[in-house]
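In terms of our numbering, the sequence shown opens at residue 13 and continues consecutively.
If you're looking for bench data, these hints aren't it; they were derived computationally from the structure.
Among these hints, one or two may not hold up.
What the hints assert, rightly or not - With a straight-line cut-off of 20 Å between C-alpha atoms, the simulated DMTMM-like cross-links for lysine to aspartate or glutamate are: (1) K354 x E333; (2) K341 x D315; (3) K132 x E144; (4) K265 x D315; (5) K132 x D174; (6) K129 x D160; (7) K341 x E175; (8) K308 x D208; (9) K218 x E238; (10) K218 x D203; (11) K376 x D147; (12) K354 x D370; (13) K265 x E310; (14) K308 x E367; (15) K222 x D182; (16) K381 x D230; (17) K308 x D370; (18) K132 x D189; (19) K222 x D189; (20) K129 x E175; (21) K218 x D230; (22) K132 x D203; (23) K306 x E350; (24) K308 x D291.
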Amino acid sequence: MSVTEDLIFGRGGERIYVETSGREHYLPTRKFYDRCGYLQVAELPEFYGEQDSKVIYLKTKPTATPPCVPASADVIPQPGTPPEFASLLPEFRRLCEIVARLRAPDGCPWDRQQTMKTIKPYTLEETYELLEAIDADDNDAICEELGDLLLQVILDSQIAADERRFLLTDVVRLIADKMIRRHPHVFGNTDAQTTDEVRRNWHAIKQQEKPARESQLDGIPAALPELARTARITARVAAVGYDFPDRRMLFDKLNEELAELAVELFGTATVPTVLATVDSDVIPDAPWSDPALKDKAESELGDVLFVLANIGRRWGINPEEALRRSNAKFSRRFQAIEAAMKNEGRSMHDATLREMEDAYQAAKRREPKSNG
């Protein structure tokens with residue numbers, strides 16, 4: 013088979029999968045492999061003799077994807093320079109053609125059956141994966157996740173085109189027009205020297221573009237994560253003057269809400285003083301015996317979270333981002349506990365709470381002071 017291998021590898025092939033079939037099945041089999049994503053099919057009947065001619069199907073070896081970041085700094089454009097359209101447009105067209113091919117009648121069954129609603133979870137997932145890559149400051153991951161998010165935009169637009177709603181061209185044209193319209197200080201004659209002035213102009217123009225709202229809260233996406241939605245709600249009502257005069261007053265409000273939560277949890281506004289230690293066994297939590305009481309406690313806990321998100325807004329802190337950082341910080345330290353136990357050849361289930369806490373604090377000490 014050395015001659016066959018030479019021919020295969022000469023075509024850039026890779027021995028990933030080889031299948032043979034009779035000559036009479038060549039066309040339907042080739043079509044099947046094409047639908048399964050096989051990039052090239054090598055027909056090699058001569059190696060099997062005239063009486064029993066065969067066809068070999070082989071998946072080609074993919075070409076290495078070039079890195080996202082230019083190899084040398086001298087080819088990186090200056091800030092504010094648009095992309096090189098000579099290289100961008102063919103790649104963008106190729107991606108659009110790939111998505112259209114997947115959605116074609118003889119394309120991918122999974123892609124063909126998708127709707128805007130069914131791919132919503134994937135759009136959200138890709139957004140969060142991009143945020144995670146940004147937090148990790150990983151350029152390759154950011155580049156990849158931006159591509160995944162771009163795919164969602166193109167796929168949604170292709171679905172819309174297939175359903176005779178609108179075209180990707182409309183999507184691009186509308187956002188370009190909007191950016192020009194909302195930046196009159198760049199593309200027009202309006203003057204705006206500070207970010208606050210830009211923000212005020214942006215919202216004023218946005219108000220003119222949108223239909224008259226019956227409520228100041230109209231237009232806030234219900235699908236937003238709730239902490240982010242709280243920040244939007246409180247910002248909207250603050251815009252018409254409904255806000256605490258002094259942001260420090262929010263801590264008095266927080267204490268009030270904590271007391272109301274304590275009433276539902278402990279039957280009194282005074283929270284029992286129980287020192288946070290790790291030198292005793294974990295006491296099992298008692299389940300709620302009355303769903304109505306649980307509902308009240310949930311409502312009060314929501315009020316506490318609402319005030320905390322409002323505190324973040326008044327101090328210019330994104331509550332969603334703050335919680336994301338805390339989740340990442342805790343996860344990192346807990347994984348340090350797991351690593352410490354593994355290094356000792358022990359299971360997490362064999363460790364005491366004190367041992368786990370000591371490992372947690374050790375991980376905390378190894379981090380920069382600002383990590384909290």
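Enumerate the violated hints, using their earlier numbering and listing them in ascending order. 1, 2, 7, 8, 9, 14, 16, 17, 18, 22, 23, 24
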